[in-house]
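Q: Here are the chains, one letter per residue:
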Amino acid sequence: MSQLLKRRFFEQIKVMFGWEPVKPKEISERATTVHELKRMTNKQDLQAVKAHMRAHEIKSTKWRNRRWATLILANLLFTFSFVLDIQILEGALTASRFVGFHLIDLNSALQVMLAHKHIINNLIIGTGTVLVLWALLGGRTFCSWVCPYHLLAEWAEKIHLYLVKKKLVTDQTMDRRLRTVFWVIFALLALATGYTVFEAISPTGILSRALIYGPGLALLWVLALLFFEVFFSRRAWCRYACPIGLTYGVVGIISPVRIKYKLEGCFHEGDCRKVCLVPHVLDTVIKGRAIETEVPIGPDCTRCGLCVDTCPTGSLSFEVKGLSKLM
Amino acid sequence: MSDNDNGSGSKPAAGPTPPLSKAKRQSNRRRFLRTALLTGGVLGAALSGFLPLIYSQKKRLRPPGALDESDFLSSCIKCGQCVQVCPVSAIKLADLIDGMGVGVPYIDARQQACDFSCDAVQCILACPTGSLTYHKPDFLSVRPGAALAAKPILLAKEKDEEPTLNLTERIGVARLTRPEACLAIQGKGFKGQTRGADFKGHMRYMDVDRWKPIRIADHPYDVAECDLCAHECPIKGAISIETVFAPDGSKRKSPVVHEPCVGCGVCEMVCPVEPGCITIEARGVWKT
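Those protein sequence lines, which keep their order, are chains A and B.
Quick note, in this note's numbering, the first sequence goes up one by one and the last residue is 335.
Quick note, in this note's numbering, the second sequence goes up one by one and the last residue is 314.
Be aware that one or more of the hints could be misleading.
What the hints assert, rightly or not - Taking lysine to any residue and the SDA-like style, the derived pairs with C-alpha atoms no more than 20 Å apart in a straight line are:
(1) B:K50 - A:H288
(2) B:K217 - B:V234
(3) B:K118 - A:A218
It should be emphasised that the hints constitute simulated quantities derived from the structure, not laboratory data.
Work the whole structure out from these sequences, hints included.
A: What follows is the structure, given as structure tokens:
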């Protein structure tokens, strides 16, 4: 990793905790050349190429379909394991057993450890397994590929964007540092009160249990959140509040699975940033910002693949670090 | 949308950031207010979970091996694995109105008691966090009267090599709460389906099938003197029908609860009188 990418690596961690991305102070020689060449390109030629690309653009939903299928399948596996008694994935998203192996959600485990202040072996085993699993799979991949609230929020987002287009609502953005503040508050609350306070309002836990054990009044809270996201603030829970996302984000810092950005073919039109849940991770696609010709996207990225689907030039793609070298 | 500033600034930034415009400052202030509002909203919702805890002191019966209430609430990860392993579906998960107890398991013994038809207390084995446990960690104290004098013997496996349930504490204790209505005390018998034909509760009957609990409605009774609570109790020596002296000095029969009672709730479930005469005091302790 070059010195520049190393610096960006640490800056992206700060960005995950809520700081705004800053313009890079230094750009590698090769990337500077590409930026220069893009600037020198004749405007009309560029427009022509863009128009050509747009005309031949294939609207893809490949990654979204794969992701939705995975998410629905994972949650149904929980449901069927209980309802049909096939016993493959027993429990709920907070804690479960996959054919006997303990799996425990990292944030729930953390809450329990802080509240109860006693850790038994099964808890360590389950947490350790999930930690390794998600560190390998990409950390926040949990959010977009497993969390049932993510899917509902995605649909709510569609309604929100439609209403925005009709000029009926506007997206009320908030300070992203709020999520870090919530994370700390809920950790302290668990520690101080001895109750897993966050679990009472976690839409992930509520939805997962509702899918497995049947609906309850707690779903009203989930509805309230979705209502807020439709009419006031786009994806507010995932963007500004959910401590689970931050926990998994931290786990995914060193993950080999990530999205890679290639500067060369990019027209800097920003389609990817429009569909992204966490557009601050895509600051590098803004014209003149890429510090290298290839830039890995930071840990707050949920690896949902919407940007990969939407990019008309193929400048964004999934990458498994190390795998490309092996093969 | 503010995050779509493509094409702006094609050069890397140099020098200090220029001062913000008035409009930008205002929009920043509004954004701060919204952020504060969401903070308050989410925290308010989270803390509202405490209210029922404060206002309602209704005690709920927890599954066997549960830690004391506050430790139980702090350690339960709300996954419902205990629900999944229970062969008679005795364990339910609490809903929103139960406050901090969203997703926490409880047993409504009158509707479906734990009759230990799993033999090994499967819910304890399934619990990933030790909320339900055979062995309480050392730093947690045992309430006086909660500890069992000896490991309770499960009648169903009395002849097995290991006849006990590995429990060290009771989850409650049975109390005769309405003696005036008790059929045994009145010297009455009982014939028919206890709790009626529509009752959904299940129980394991050793003379029917050791491994398959059946509906209680499918197992009618016919006894000259009602002894259902004592007859169906799964624990050895926990309850018996004794001859006792009534306040007026006359002799009569009565169910008497003994020290081995673990508070499973089978007696409460099978009691044919409505409402039941014998109930479990959740987290109740043995008083001599």
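Q: Could you grab the alpha-carbon distance between K217 (chain B) and V234 (chain B) and see if it respects the 20 Å cut-off?
A: 19 Å, holds
Q: K118 (chain B) and A218 (chain A): Cα distance at most 20 Å?
A: 12 Å, holds
Q: Is the straight-line distance between the alpha-carbon of K50 (chain B) and that of H288 (chain A) 20 Å or less?
A: 19 Å, holds
Checked against the numbered hints given earlier, the structure satisfies every one of them.
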